[in-house]
Structures are given as C-alpha cells and as structure tokens.
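Fit chain F with the ligands to the known structure of chain D by using the hints.
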Amino acid sequence: MQVQSSQSISVRTSEDVVAVRQLVRKGSLLLGFTIVDQTKIVTASSELARNLLIYGGGGVAIVEIVQNGGRSGLRLTFEDQGPGIPDIELALRDGYSSGTGMGLGLGGAKRLSHDFEIDSAPGKGTRVSIVRWKAL
Amino acid sequence: MGEFLLVTIQVDMHDRLAMSLQDDLTAQIVRHTARGVLIDISALEMVDSFIGRMLSNIANMARLLDAETVVVGMRPSVAITLVELGMPMRGIRTALDVEKGMTALKIALQGDPSTDAGSVVPID
Ligand SMILES: Nc1ncnc2c1ncn2[C@@H]1O[C@H](COP(=O)(O)OP(=O)(O)O)[C@@H](O)[C@H]1O
Ligand SMILES: [Mg+2]
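Chains D and F are the protein sequences, given in the same order.
Going by our numbering, the first sequence opens with residue 1, and the numbers climb by one from there.
Going by our numbering, the second sequence opens with residue 137, and the numbers climb by one from there.
Derived by calculation from the structure, the hints in this document are not laboratory data.
Ideal Cβ positions, reconstructed from N, Cα and C, are used throughout, including at glycine.
Treat the hints loosely; a few may be bogus.
Said to hold, decoys possible - Sample of chain F residues at the chain D side, in silico, Cβ under 7 Å:
(1) Gln146
(2) Asp148
(3) Asp151
(4) Arg152
(5) Thr217
(6) Glu220
(7) Gly222
This is chain D alone, in the form it adopts within the complex (with noise of 0.2 Å):
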C-alpha cells in the first residue's frame, strides 16, 4: 500500500472529535467518494475519534489518502496510549459498553469500513486502523 498524503490531529477534546470528522469528510471529496462512501466513513471516524477521547484519554488521529494496485482509498488510524482493550472480541460486541456508550462505536466502524485492523493489550494502548476503497 502506498501513502499519497498524511495529516493528523491529537485529540483531546469533543471539538477535536469534530475536527476530525472534518478532516474525513475533506478527504473523502478529495478522493471523490460518493455521498453514502462519505457519510459512511464520517461516521465511522467519528465513532473511533471518540472511543479514542473517552476511552483511550485521548490519542493521534491519522488520515491518509492510500493507494492499492490502482484502488484508492482513505486510511484512518486512531492511536492511544490508554489502558487497552482486555477482550477485543467483547468490545467488538454490538451493545457492549463498558461505558454509557450504545456500544455500537467498534462493531459500527467495522460494518462501515472495507479494511479494519485493531491492536490492544492492557496496559500497552489501543490501535484502531480502517480503510474504505473508493468504489471503482
């Protein structure tokens, strides 16, 4: 995979989440996604920004512009270094919050995204990457 364009934001606040939404959202007219491809990674960005503030205690927001065997797309990755996720498989539940969350936030991202990657450990951070590929 080859990185076109990277720009980041830390969060740390719930204006920040927004910040980060924006950001998306400009990406995605960059790269001409659709409206749905648009509204869709929004979503999922916004779902991750905030897991990121609430949870992680803040974190990285990175947004790239990426491109595969002639496939564009845009990477987004949310890094923190809070206290982990012990059970992935949990967290990914639908419902589940160890919060006051509708717990939709993980398991959202993953149906909203094409490529989802996640990496957590207690103690060690929480990093959760997705892609979604312009449709050709």
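Coordinates of chain F with the ligands only, in the frame set by chain D:
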C-alpha cells in the same frame, strides 16, 4: 397551550453541545407546554451513535412530558449509514420535511382538544 416546538440543528455538534441541546429542549417543552417537537436535521451530514441516542432520548423524554417528536429531513445517506451502524432508531417518528412533519404531528395528536396545532415556536 399545546404549541409545537421547531428545532433546527444547523451545525456539526460536538458531544457536549448535543447534551445541552437535549437538556434545553426538555426545559422548553415544559415551558411552552408543547405537545409536539419537530427536529430538523436536514443540515446534518452524519448521525453517529451519540447523536442518534440524543434524538432517541429527546423523543423518550418528550413522550414522558406528553409531547410527540418528529425528526425531519434526515438525508438518505445518513439513513443508510445508521442502518449499517446498527443504530436502532425505533420509536422515532420521521418525516421528509417540516411541512410533512407538522402533518404527522397533527395526525398523531388528532382529536386531542388541548392541541392548538396552529402555533409553532422556533427554538435556536
Ligand atoms: N481506545 C480504546 N481504549 C480502551 N478501550 C476501548 C477503546 N475503544 C473501545 N474500547 C472499549 O470497547 C468498548 C466498546 O466500544 P464501542 O463499540 O465504541 O462502544 P461504546 O463507545 O458505546 O462503549 C468500550 O466500551 C470500551 O470498553
Ligand atoms: Mg464508542
């Protein structure tokens, strides 16, 4: 008595702002003894699980205060995304625009003599 409140969401709200809208609106329902609430979300480019829950909460609280809520103007792309997100917007009445939302409210409240569906109070 029996007014309708019209709330137009114009900005991409951060979570604290969404929470305060929820609280403000509940207070306004009481103040105006409103029987109906129209929430225009046509400016919203996305609704995630937080905003979706806020809309559900408003509808639930309004119902406890004897008011009906209609969410109007949801973009098709937002509706499609909400389904994939897995967000259950059950129990929320929706309409395509404010006018159709008004009609839906009037029908929902039909035959209720305390309703004066003629007056609409816009809220910022
Ligand atoms: N960055 C993170 N750091 C630590 N835990 C996380 C992180 N993201 C998600 N989680 C855990 O996964 C659970 C499920 O997340 P999510 O599906 O977004 O639901 P919600 O945010 O509503 O709780 C959270 O309740 C939390 O326990
Ligand atoms: Mg979440």
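We went through each hint and held it up to the structure:
1. Gln146: violated (14 Å)
2. Asp148: holds (5 Å)
3. Asp151: With a closest approach of 4 Å, the F:Asp151 hint holds.
4. Arg152: Hint holds; F:Arg152 Cβ to chain D Cβ min 5 Å, cut 7 Å.
5. Thr217: Where the cut-off is 7 Å and the nearest Cβ of chain D is about 5 Å from F:Thr217, the hint holds.
6. Glu220: Since chain D brings a Cβ to about 5 Å from F:Glu220, closer than 7 Å, the hint holds.
7. Gly222: Hint holds; F:Gly222 Cβ to chain D Cβ min 5 Å, cut 7 Å.
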